[in-house]
Amino acid sequence: MSLNRDQINSIAHLARLSLTEAEIPVYQDSLSKIVDLVGQLDAAPTQGVEPMAHPLPGLAQRMRPDVVTEKDQHELYQRNAPQVEAALYLVPKVIE
Amino acid sequence: MSAANNGWETVIGLEIHAQLQTKSKIFSGSATAYGSSPNSQANLVDLAYPGVLPVLNKEAVRMAVKFGLAVGAQVAPRSVFARKNYFYPDLPKGYQISQYELPIVAKGTLDILLDDGSRKTIGITRAHLEEDAGKSLHEGLPKQSGIDLNRAGTPLLEIVSEPDMRSAKEAVAYLKKVHTLVRYLEICDGNMQEGSFRCDANVSVRRVGAEKFGTRAEIKNINSFRFVEKAINYEVARQIDVIEGGGKVVQETRLYDPDKGETRSMRSKEEANDYRYFPDPDLLPVELDPGYIGEIKATLPELPDEKAARFVLAYDLSQYDATVLTSSKELGAYYDDVVKQLAGDKLPSKEQAKLAANWVAGSLAAALNEHNLEITESRIDAKKLAGLLVRITDNTISGKIAKDVFEAMWSDGKDADAIIESKGLKQITDTGAIEKAIDDVMAKNPGQLADYRSGKDKLFGFFVGQVMKATGGKANPAQLNDLLKKKLAG
Amino acid sequence: MHTFTLAELAKKLRAKEFSATELTGALLDRIDASQPTLNAFITVTRDSALAQARQADAALAAGKAGPLTGLPLAHKDIFCTQGVKTSCGSKMLDNFVSPYDATVVEKLNAAGMVTLGKTNMDEFAMGSSNETSWYGPVRNPWDTQLVPGGSSGGSAAAVAARIAPIATATDTGGSIRQPASLCGVTGIKPTYGRVSRFGMIAFASSLDQGGLISQSAEDAAMVLEAMSGFDPRDSTSVDAPVPNYVATLDAPLTGLKIGLISEFFGKGLDANVEKLIRDALAVYEKLGAKLVDVKLPALPLSVPTYYVVAPAECSSNLARFDGVRYGYRAQDPKDLMDLYKRSRGEGFGAEVKRRIMVGTYVLSAGYYDAYYLKAQRVRQLINQDFKRAFEQVDVLIGPTAPDVAFGIGAKTDDPIQMYLNDIYTIGANLAGVPGISIPCGFVRDLPVGMQICGPHFAEAKLLNVAHKYQQETDWHRRIPAAYSKEKLS
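Chains as they are written, first to last, in my numbering: chain U, 1 to 96; chain S, 1 to 490; chain G, 1 to 489.
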């Protein structure tokens, strides 16, 4: 297979995804197949071809004026928050 | 204590994060004001709600361009925003929008003045725009941290220097220069306590003559000029110890602990983050045409170096004096104002310029410092100070008395003439009056007079002091000197 | 009422043959009855739909109605709807009530349309069969043992079963066109940048586009105009005027140059499907069009290109789902790392995790050049192919999907098999060009779709070309037997 266990584990770690022991070989298999699929790109004749980041070339970023348009709506926005106290979002302690 | 002892060379590069003083955030219309209640300035975009998108603030771009022009850098006609991907609670999207391969500002330079009066050019590798993260708060919550996203999305200009500095002092000089510059340009308020001007130092050492750089450690988020110097010096000594002890310097991030005066490795720092940079597909390339850049160039204020050079040329000031007087735009303007007031309709003379320089950089600066005031909050404005200096140049008062008048002006808020009048401090310039005072003193001190005439020259000072005392300090010193010499000679 | 197209409904509402409230009520009943079988909806907004309908009736009575007032629609559950659950088909957002409306939703609300509910979809728009939804699979109304296609399976099934006359949908690699093909309805993906992405939960930012699944090109034309246009909140939104798409529907097709992509009419295309496409092309020739063979040599690399670019962008877009500010949060996390890993590990389904991991891999140090950058270069080649083709022809016509609907569970074991369903549709997303799929016949009693693509901002032309075909044929009016009666059992 194109990817080994260690790679799967380190990818899952980078992506912050928990994987059970049973899941590792399953993802190893499907991810390896996908990597093989995309390997087809190797043969493509791309010398001198610019990468295409946006589907509509020739457009430039619009800029907006420096004006405050928002008001404090934290109560509305925090209705969806799993854990909030004193308007702060709570997470397990972050060690600096 | 420099590492230049013992054959070691220090290499320092600085990364400065300057918060741009826009009213709204770089990618959202939320306010950027400091100190608001938690999460009151975080909208859907800042909170990274599903479905939201960034839109670029034109003022942030303008400010970045101003900086680029001020350091003589190439302003990129096309720059690209990239995503820097990592997980941290103060980073709501799980990525920071920054710039990677194509930053808005490319190579520039900044000159610094060293202690010995020489200049050194420090290279600026690049400067780019990015968004700030939020804050984690730990007090009052035993096992948890509280996340405040007010700061998330504030525009930052990250300024990266070449590793051109060779001592902590050079690093501080460069840092101060950048600090001055961003305030001149009015793009950043430079408030290090509030975190709007932050500095990371990349420090390494190598044997003098070595070609390659040593392994560097990054010291993060040092929030005062003093700490920068201490942190770098500590780190240099630490690295030298490690190497001389047979070890290797580890490439890592360290924090400076101001209480203990040492740097320490950041806890739970894992393997180096793989940021997986790629161009942000939600944003298009920023394109700036020469017309736009030219417009901004035309709005640049007189920059610190230009102002200092003008002072040296126009007023024959020393490089040092000129640098002190131009350390802020406001101070430079104040000084300019004082000189113009002194000179009136005419061109200022070098004496007038020097006098003004001494007072502004001397007594005034000391008073501002002591009372923790900015020049804009000075209790003596330029007009009043000029009023005082005029009375020195026209001999109404001596320089020494002027210091007392200055004190009174500072505490009373009155102008010089009012104080001189009310305290009767006018200098005595009437030759006759001075001669009389001298005669009196000579008559009262026959012993010293005899000693002086028999060769004890040092007693001249005694007589000066006595005459000054007798005249309440108001005798014009130059005249006193002349007349006393003549009379003592007999 | 369920057999009427949107255009017909609009006329009948004005003619007061029935009220918006009656129409909405009838559709809501059909939806409720269909749910146990089709599962096309995640949320039905009964009360607010009826309230909107009553408002629409008032506007109609007062003579203050617009062309879309009182017309019901469904929104794919990827569009944020204020005060209403917006799940994106995922456990991760099962508890998420959006505090704001997507621009598309705002615009269609302002036009007076009535929102029936939020349709089911593949989780985070990742899938081609609507089998990855946290809310269970959607079934194809033509044969409920079969998939409706994906990711907009709910929208396609709803329109096919006539439980909603029209529905919004999104398309990143074919997610509008492919389910439209499998369900025998019309689906249009506009040009990238035509429709605002603000409020449309992001999967792959440079590929996603909002569009419509409808009964006809005419219906799509009516609503597309209202939902398109520049949005200052979306930096990739294009500032170009929106034409009146309805006005040009009937333009004659004489002289129309239709390109046939050589690479697509080869192996891999089911012979029966090909026959139907060729029959349709014959209809176009009768209408005055000319057929031209064109080559788009980079197009066969669409699928591998897509499976680098889309996962890369999604791995980053989905990083915000971390259990901190909204959405699913794992119970009793022991530390921050545990909070992240379990919230995401438990909140996301397998396909989403798979794509996040692929994306993370192709962007990671050492692989960026070989994969991501390479894919973006191939994307450029594909884009150039389309450009060159459109210098020779006005539109490209070909199959939408390689085959008809397949069995639920038939392809879930092999992701690659599933990915190949999009082989004909992905190219248009990579190039940002618009595409529409319309039904063109049946194979083994299952619908087949034909895809028409055009250059950037050629929506008017596509709708015109599709409409003319729909005037010559009636495939688009067929309704699955189980859903043809007014009252559903």
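Treat the hints with care, since some could be wrong.
Counterexamples of contact, computed for chain S against chain U with all Cβ distances above 12 Å [said to hold, decoys possible]:
1. A33
2. E59
3. G72
4. V80
5. Q144
6. I392
7. L459
Subject to a maximum C-alpha distance of 30 Å in a straight line, what follows is the list of computed DSS-like cross-link-like pairs (lysine-lysine) [as the list claims (entries may be wrong)]:
8. K107(G) / K33(U)
9. K33(U) / K295(G)
10. K135(S) / K93(U)
11. K143(S) / K12(G)
12. K334(G) / K33(U)
13. K107(G) / K84(S)
14. K23(S) / K71(U)
15. K169(S) / K23(S)
16. K143(S) / K176(S)
17. K93(U) / K176(S)
18. K295(G) / K71(U)
19. K220(S) / K33(U)
Simulated from the structure, these hints should not be mistaken for laboratory data. Ideal placement from N, C-alpha and C gives every residue a C-beta, glycine not left out.
Verification of the hints:
no. : hint              : result
1   : A33               : 9 Å, violated
2   : E59               : 4 Å, violated
3   : G72               : 24 Å, holds
4   : V80               : 8 Å, violated
5   : Q144              : 5 Å, violated
6   : I392              : 47 Å, holds
7   : L459              : 68 Å, holds
8   : K107(G) / K33(U)  : 42 Å, violated
9   : K33(U) / K295(G)  : 29 Å, holds
10  : K135(S) / K93(U)  : 13 Å, holds
11  : K143(S) / K12(G)  : 64 Å, violated
12  : K334(G) / K33(U)  : 35 Å, violated
13  : K107(G) / K84(S)  : 34 Å, violated
14  : K23(S) / K71(U)   : 13 Å, holds
15  : K169(S) / K23(S)  : 34 Å, violated
16  : K143(S) / K176(S) : 39 Å, violated
17  : K93(U) / K176(S)  : 35 Å, violated
18  : K295(G) / K71(U)  : 54 Å, violated
19  : K220(S) / K33(U)  : 43 Å, violated
Hint violations for this structure: numbers 1, 2, 4, 5, 8, 11, 12, 13, 15, 16, 17, 18 and 19, all remaining hints satisfied.
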